[in-house]
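A.B. asks: Heads up, the sequence shown is in numbering that gives the first Met the number 0, so the first residue is 0 and it goes up one at a time.
By construction, these hints were calculated from the structure, which means they are not laboratory data. Just so you know, nobody snuck in bad clues.
Here are the computed lysine-lysine pairs in the DSS-like style, where the Cα-Cα straight-line distance is at most 27 Å:
#, residue 1, residue 2
1, Lys136, Lys8
2, Lys70, Lys115
3, Lys56, Lys115
4, Lys125, Lys115
5, Lys134, Lys9
6, Lys71, Lys9
7, Lys71, Lys8
8, Lys115, Lys136
9, Lys70, Lys9
10, Lys56, Lys134
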Amino acid sequence: MIDNKVTEKKLVYTVTIPIRWGDMDAMGHVNNTVYFRYMEQARIEWLSMMGCLPDDKGNGPVIVNAYCTFKKPLKYPGQVEVCTYIGAAGRSSFETIQEMRSVGDGYALYAEGGAKVVWVSAETGKSEALPEAIKQKLSEIKVAKRQSRTAKI
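Take these sequences, add in the hints, and give me the full structure.
C.D. replies: Quick look at the structure:
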């Protein structure tokens with residue numbers, strides 16, 4: 000379930016992933032654990048593009064919760080489009096929200112989910128403030144959204 004604090008979301012990344020034969024389970028559809036892999040792949044690709052990977056001390060992003068609501072079963076063969084959105088950033092964390100759509104079914108929504116990303120100290124194992132560079136990038140995304148919404152008015 001999406002955190003009640005996530006009132007606005009901003010699309011930041013989209014990737015298309017092929018559904019593999021081995022992604023299916025005995026019921027003939029994509030196994031529910033694989034949806035989390037699809038979301039993970041999209042999230043990691045986006046985090047990498049953002050430069051939001053562990054630093055040389057090992058401090059970095061950790062997922063503290065993840066969820067998925069399954070709407071319709073994905074099946075092989077096919078492709079799933081994973082759209083990654085972000086919500087508001089806090090001191091040490093931000094929310095990711097993701098939608099999974101079937102490319103072969105008119106991009107119908109098949110599942111939605113997300114995860115809370117927290118910046119964690121490798122030494123203490125506890126959360127710490129997001130690095131300034133990451134905060135700046137998240138802030139720029141937020142400002143770009145406000146400007147595009149203002150331009151449409």
